[in-house]
Every structure is written in structure tokens, then in C-alpha cells.
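Throw the hints in and build the complete structure from the sequences for me.
Going line by line, the protein sequences match chains A and B. So in the working numbering, the last one in the first sequence is 1168, and the numbering has no gaps at all. So in the working numbering, the last one in the second sequence is 1168, and the numbering has no gaps at all.
To be clear, the hints were calculated from the coordinates, so they are not data collected in a lab. Hints are not guaranteed to be accurate.
If chains are identical, the list can't say which one is meant, so a pair holds when it fits in one copy or spans any two.
Straight-line C-alpha distance at most 35 Å; calculated DSBU-like pairs for lysine-lysine [to be verified]:
hint	residue 1	residue 2
1	K941	K1031
2	K998	K941
3	K941	K1107
2 protein chains.
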Amino acid sequence: MAAGGTGDALDRLIALVADDMEAVNATIVERMASDVPMIPALAGHLIASGGKRLRPILTLAAAGLCGYNGPDHIKLATAVEFIHTATLLHDDVVDNSALRRGRKTAHMIWGNPASVLVGDFLYSRSFQLMVETGSVEILGVLADASAVIAEGEVLQLASAKNLETTEETYLKVIESKTAALFAAAAEVGAMAAKVSPDKVKALAEYGRAIGVAFQLVDDALDYAASSDTMGKNAGDDFREGKITLPVILANARGATDERAFWLRVISDDKQRPEDFAAAVDLIKLRDAIEDTIDRARSYVAAAKDALSVFDDGPHKRALLALADFCVERAY
Amino acid sequence: MAAGGTGDALDRLIALVADDMEAVNATIVERMASDVPMIPALAGHLIASGGKRLRPILTLAAAGLCGYNGPDHIKLATAVEFIHTATLLHDDVVDNSALRRGRKTAHMIWGNPASVLVGDFLYSRSFQLMVETGSVEILGVLADASAVIAEGEVLQLASAKNLETTEETYLKVIESKTAALFAAAAEVGAMAAKVSPDKVKALAEYGRAIGVAFQLVDDALDYAASSDTMGKNAGDDFREGKITLPVILANARGATDERAFWLRVISDDKQRPEDFAAAVDLIKLRDAIEDTIDRARSYVAAAKDALSVFDDGPHKRALLALADFCVERAY
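Below you can see the structure in the form of C-alpha cells.
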């Protein structure tokens, strides 16, 4: 990839919000503290494992784009990261995942009960942080996002192993479980800056669109990447019988024997060790990765369009480049 | 028990807030609705199972005692019940309980993942309801309570099977996991009515004290009641190796062979089928039930004292009688 490409773009955005991010990291450490030592130990294991911190970066960058200098965006970015961390802790219990960001998952070390309860603790802490900013409107946006996330996760659970799941239902799942928090993260950054409603809405739209793109690419990578580059196990979605777009497309386009394969491995839960490699082959055969990535590109284009209400400047350029990064990281 | 006793007292309180409670029940049904059918199905299974609704009753009664007539107490009582329901769903996963209120637990029917996620959904819904009241102060009280509940649950988990757990740590656990929500439930009812800080504080203190009494009695009943009268399995705490006051007292007062028994069944996790009956006998021998109930009585006395700032009236009389009910239900 040429210099000035999308990896650089993320670095540029990170550099733009570096001071704020340092404050967020300090706030994370301060607010996950507890008299009960298991809480910071478990939460810290996940938080320190080097996630990209995309969601709090979105809050900080949105606030920066809107010219905000006050202290609230630090607390809000921390709240957003706590909500995200809580959902990851609960997701890993729900999916029984063994790896996250290249490390053993918390529930494998501390057990499911502790992961559930520390997730609850972080949810509560995130609302305490929002309360400190004094804005009921901002609380409303993040409470709504939290409810939508949970609904999306339940819908995903209810659709698991069901090959009749439509692309529409799949999109509803990823808009809920992933894009809702991306949207809220950007939106509350703008709200803290008290800019006009059209700018708040634009940043929410931007966040929602890159969130969908991000999840589409994630779901493609599960059939295209090695565990090394993902930090989690490639094939996890497959083994859990999760219905993602690559599977929906490959099944819909498949010949009779291919459909029988998908029925056996996804719906009937009868997987043999060699099936994942066969699934990857069928998905390639039906162009399902390329087309999933193409869908992601159209969301990235929409995300960029949403920013047209803002004047040019370093924050806008960095956010435009971040949108590209959401897809280009696939390569 | 004579007519006019404590069972009647609870009925009287319920009658006092009956119209409000009907509105709360309607709001519960309305707000647990979702496009994802599994959510109202799972949440409704637990909510419709006939809990006593003590916590929302507290919010309504506190608002009534403070002369409040507005609509916010209905939303707040619903929010309080949703937080409680969320913690029950997660608790049953954490404890792997099979029965709750005499019915199969939700996680036994829908599985752990669904119980975790629907709990998250109800948490979020509760914050959405609070946002609608527009009071950041009230949000702060319930966010704080939620964080304290989660901390208490983790502390309980970290203390499980540890016979060196002190009575002080045990009290911290039950103050956090149970009394914090009783306190917040009463407090926010008073806050909605915008009464003076001393009255808000008095109701918080009342709620906290009856919450501790309630949990002490619950922990005593686990060694004294049949599954029939509890609606859950007597002996659940014992089988999970939970350290409750009856065990702490019986172990501390026990002779060498008794301590060896407790060490084997609680810490070493080596229980035989006949051990629960033996545990009940040792707890009786060491007066541990009576003394646990006595501790509860002292909290009930403190709860009643806290209400001295209020003038006499039907709400006050009913709340005084409710305090007694928290202990007398044991008989």
C-alpha cells in the first residue's frame, strides 16, 4: 500500500486526538477502580489488551471537528468505551469465545459469572460518567444505543443457525449490535459541542455508516483472515453457526449440493474438522467475500457524504480517511 | 398471627398504592415490548411470575408519603423493577439456579446467552425511563445503585467458599447487592416529590435498613424454609458454597469437628446428599438462625426510626408495618 494510505490515516487521526486520548486512558483506569480487586483485574485484562479504541476516538474526533474544548468529551469517550467493553465481556460469554484481541478471553480466566457481573459494573460506571456531564439529552442517546445493542444481540441469537435469515434481518442485527454505538459515539461528541442539529445528525449518520461497514468487513474477515491478523479465531462465526452476509450470499447463490452443505454445517450443527476450509472455498466460489466488501464500500461512501456539512480541516480529513480504513484494513 | 398483623400490613400498603401499581404494571408490559419476540417472552416469564414487587411499591409509597401526584413515580418504579429483574436474570446465570419464585428460571428455558442479553436490555430500558423524567440527579442515584449492586455481586462471588469471610464483608455484600436498590427505590420516590433533603435522606435510610433486614431473613430462610414457602430451593446457598451469616456464626461458634464439617462442605466443595440436613442441625445448635433474625430486627428498628421526620398518616403507618413484614415473613 502506498504511503499516505489508510493505515497512515488512522495514525493521523490518533495523533490529532492524542492528548485527549491520554486523558481518556487515565479516566478509564481511574473509573474501573473498585474496592473489589477482581473488578479492575478482569476489566483491565480486556481494556489493556490493545483494542483500537475506535469508538472513543470517534467521540473525541467528533468533538474536535465541532470545535469543542471542554472536559465532557473525555468522560463521554470513556463512557462509550465502557459500554463497548461491557458488551464484549457479555458477548464472549454468549459466544463462548476463547480468544479476543489475541489474548485469552476474560471468561476463560475468571469464569462466566465474573464476566457477566463486571460487564454490569462497567455499564453502570458508564451511566455514572454521563450523569457527571449533566446532560439528559446525551444520556438519552447512549441509553437508546444500549437498548438497541442488546436488542440486536438477542436478534442475532434468535437468528443463529437459521439459513432463512434474510439480508434485511442481518443488516438490522449489525446496525443494532455494532453501528448503533458507532453512531452514538460520534453523535454525543457533537452534542457536547452544542453544534446545530444538522451537524449532530451528520455525525450520527457518519458513525452509523462506518459502523455497518466495519461489521461487514469483520464478518468477511472471519472467512478470509488468519487468527494472527484478526486477534481472534478465524472461523469463530462459522463454528457458532452465526448467519453473516458471506454465508447468506453463498447459500443463496449455491447449487443444490452447496445448500445441503450449508444446511448440515450451519443449521444441523454437524460440523467436521475439514468443513471450515470447505466453507471458505464455497464462499470464494460464490464471490461472497468480494460482494460483502463491496456492500461495505457503499456504506463508506455514504459516511463520507454525511460529512459534507463540515468545512475542510484536519479533523474532517482524518474522519474521511478513517471511513476508508474501515474497509481497507481487510487487506 | 393476630388480625392486623404484618401480612395484613403488606396488603394495606399494596391497597394504598393499588392504582399507581396498576399503572406500573401497564408500563412494564409496554416497555418490555420489542420487535424481537424473545425479549418480552423471556422478560415476561420472570416478571409475570408474581414477585412481590416490593421495590416499585417502595418508590410509589415514598412518593405517596411525600405527597407526590405527578407521573414520574410510575416511570421510576418501573425503572427500579427493570433493574431488579435484570439483576435476577444475571444472578440466575451466575448461580446456575433452577428455580425462581417457584418456576423454572429463564436461563433453564432460553439458555444463558439469552438471559444475559435480555438482562442488558432491561438495564438499558430502565435508563431510558429515567431519562424521560428529565432528572439527572435521579439518574445519578440509580446509576450509583446499579454500580454498587454489581460490585456487591462480584464481592460475593470472590468470597464464595471462603470461610474466613468476616461478618463485616458479608454485611458489605448484602448492603450492596440488596439494600442499595431498596434505598434508591425509596429515595427516588422522595426526589420525584422534591421534598427537603432530610426527608429524601430519611427514605433512603429506611430503604437501606429494610433491605438489609430483608436479605438477612432471606439468608436465614435458606436454612430454615421448605422450597414451597420460598419459591426457590432451600439449600441453594449451601450448595453454591455461599457465605451467609448463618454459616459465619455456626462456623465461628463451632467445635473442632463442626469446623471440619464446614471446611469440607463449603470450602473443599465435597458435599454429600445428607450434608444439607446436617448443616441445618448445626446451624440450629449454634442459634445461628435466631441470631440472624435478631440482627434483622435491629435493622427494622433503625428503619422505623428513620421515618420519624414524617407526620403520621396512612402511608407512614403502612411503611412502618412493611418494615415489620420484612422480618415476620420468616414465620
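Checked hints:
1. K941 / K1031: Answer is neither: 41 Å inside a copy and 49 Å across each miss the 35 Å cutoff.
2. K998 / K941: both (26 Å within a copy, 26 Å between copies)
3. K941 / K1107: Answer is both: 26 Å inside a copy and 30 Å across each meet the 35 Å cutoff.
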